[in-house]
Structure formats: structure tokens, C-alpha cells
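Residue numbers (numbering that gives the first Met the number 0), protein chains in the order written: chain B, 0 to 108; chain E, 0 to 151.
Worth flagging that the hints you see were computed from the coordinates, not collected in a lab. The reader is advised that the hints may include incorrect statements.
Partial list, derived from the structure: chain B residues whose beta carbon lies under 8 Å from chain E [as the list claims (entries may be wrong)]:
#1 Asp3
#2 Val4
#3 Pro6
#4 Val8
#5 Gln34
#6 Gln58
#7 Asn59
#8 Ile61
#9 Gln64
#10 Met65
#11 Tyr74
#12 Phe75
#13 Pro84
#14 Val98
#15 Tyr99
Even for Gly, the Cβ is constructed at its ideal location relative to N, Cα and C.
These are the residues of each chain, in order.
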Amino acid sequence: MAKDVKPRVKVPKSAKPGDIITLKTLISHPMESGQRKDAEGKIIPREIINRFVVDFAGQNVIDVQMEPAISTNPYFEFEVKVDQPGEFTFTWYDDDGSVYEEKQSIDVS
Amino acid sequence: MKLNRRHALILGAGGMAGLAFAGPVLAQAAAPAAPAADAGKTVEQWIADFTGGAEVAEGGVKLNAPEIAENGNTVPISVSAEGAAEILVLATGNPTPGVAIVKFGPAAGSRQLATRIRLATTQDVVAIAKMEDGSFKQAKSNVKVTIGGCGG
């Protein structure tokens, strides 16, 4: 497991039904591309987060297949339509099998 | 013409060419999961896999990328395409051209995604959208990179 993986998400506390809100997510991760070499000239093996999924109240928002060209500490910004109160789940899948999850609720009224 | 230019770009990056060949092999050994299969894919293979050989029309996709990126390690881009079900982003001049494929679900508020990507050298970034009606549209943007993000 990569060290110090810390997911961070920015979700507004509340919204009105039908609002389209912007979410920002960041997760600290080296996203080792498999292209770099260490001091001895050996290639450092690839170790990235390869998938990122966001769901809201049981419905999918986005599902991103990630490749090594995504920068260190992957950042995503996207929009969600909220019709009802609910919980966001953010899930990152690591090459090494680790799964990082973050949840956040929003008040919709 | 297209092919020649791409090869020239890769070669132009000097030592990068060697890395491009050595990289995918090791990546596969280290990560037996499915994503590793994408490591050796060329731009043409990415497009063929995504579109299934269907024709790709110009326009209808917005790709925002800087004209000049001082640091290729983190280049902010955003893609959007009204009515898209999926969007594929490729960095045509990278040793592994795949960047991301985003699928939009029923709760998506728009067909838009912003992120930060690595660009190894000056190159074209391409976004191809698969529309809900099954057609394909694309946009292209050239980014000049001052310091490459290959990390070599």
C-alpha cells in the first residue's frame, strides 16, 4: 500500500432539490507511472490508482478509468445533480489492491 | 503523415524513446491486474478499442488545455461534451498515451470533468466522446511543454 494516502473531498453542506453542484476531490498518492528510474537506473514499477468512482444516493455519478498520465495526487472536479438528501461515496482503487473510500452527506431541502 | 509526426515527437524527446519500450514490460510484471494490459497500447489502438472502428466527427467536444505548460508534471485540463456517455482522453506524445476514460452515470450534473495530467513533451491532447446515440466526436488541443513530465 502506498504511504500516506489521504482522500479529500469538497462537498457543499446543503443544496436545493434539482441543484447542480460542483464537487472537488483530491487524494494524496504518488501515482508512480512505471516510467521513472531510480538512482541505479532501474525502472521503478508502476503503482497508480487505476479507477475512481463516485456514487450519490445509490446512483452512479462518474466512473473514471485512470492511466499513468494522471498527475501525482489525482484531482478531479465534476458536477452532480441532487434531487434528494443522500450520501456521496467516493472510491479509489489502487494497483496494489487497496481501496480507499470516503463518504459525505448533503442536506437537500 | 499523422504517424510520422507522432514518431518524430517521441524521438524528439531523446532518452524518452528508450523508456517508452522498457516501461510497459515492467509495468505488466508488477501489476497483473487488467489495467496493465493498456500499458503497451498505441494511440490508434486506444481509439480503435474505444470507438470500435466507428467514424469520429470533429466538434461537439470541448477540450480546455493550456497552450503552454511550464511543468509537464501537472497540466490542468477539462473536457466536456453535451450528451456524452463516455469521454476518452489521450496524450498522443506520451510513452503510454492513455490518460483516462470517464463514464457518466445517471446522477452526473453535466458531462464535464476537470483533472491534472502529465505530458512528457509538446504534443496534441485528444478527447473523444461517445455520445448517447452511439456516435463519436472529438477535439484536439496542442500543448507546448517546457519541462516534460516523464520523470525520467
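- Message: A closest beta-carbon separation below 8 Å is what the hint needs, so does B/Val98 meet it against chain E?
- Response: 13 Å, violated
- With a cut-off of 8 Å on the beta carbons, see whether B/Val4 makes it to chain E. This hint is violated: B/Val4 lies away from chain E, its Cβ roughly 17 Å from the closest one there, beyond 8 Å.
- Query: Does B/Val8 pass the interface check with chain E, least Cβ-Cβ distance below 8 Å?
  - Reply: Since chain E brings no Cβ nearer than about 14 Å to B/Val8, farther than 8 Å, the hint is violated.
- chain E contact restraint for B/Asn59 - C-beta distance below 8 Å: 3 Å, holds
- Message: For the restraint on B/Met65, tell me whether the closest CB of chain E is nearer than 8 Å.
- Response: 6 Å, holds
- May I ask you to test the interface hint for B/Tyr99 with respect to chain E, counting a Cβ-Cβ separation under 8 Å as satisfied? Since the shortest Cβ distance to chain E is 16 Å, the answer is violated.
- Task: Please verify that hint: B/Tyr74, Cβ, nearest Cβ of chain E, below 8 Å or not.
- Result: 5 Å, holds
- Message: Does the closest beta carbon of chain E sit nearer than 8 Å to the beta carbon of B/Gln64?
- Response: Status holds, d = 4 Å.
- Query: Close enough to count: is the Cβ of B/Gln34 nearer than 8 Å to one in chain E?
  - Reply: Hint on B/Gln34: holds, closest Cβ of chain E at ~5 Å, below 8 Å.
- Under 8 Å, Cβ to Cβ, is where B/Ile61 needs to be relative to chain E, so tell me if that hint holds or is violated. 6 Å, holds
- Message: Hint validation: B/Gln58 versus chain E, beta carbon distance must be below 8 Å. Holds or violated?
- Response: Constraint on B/Gln58 satisfied, holds at 4 Å.
- Message: Can you verify the interface hint for B/Asp3: is its Cβ closer than 8 Å to any Cβ in chain E?
- Response: 18 Å, violated
Hint compliance for this structure: hints 1, 2, 3, 4, 13, 14 and 15 are not met, and every other hint is.
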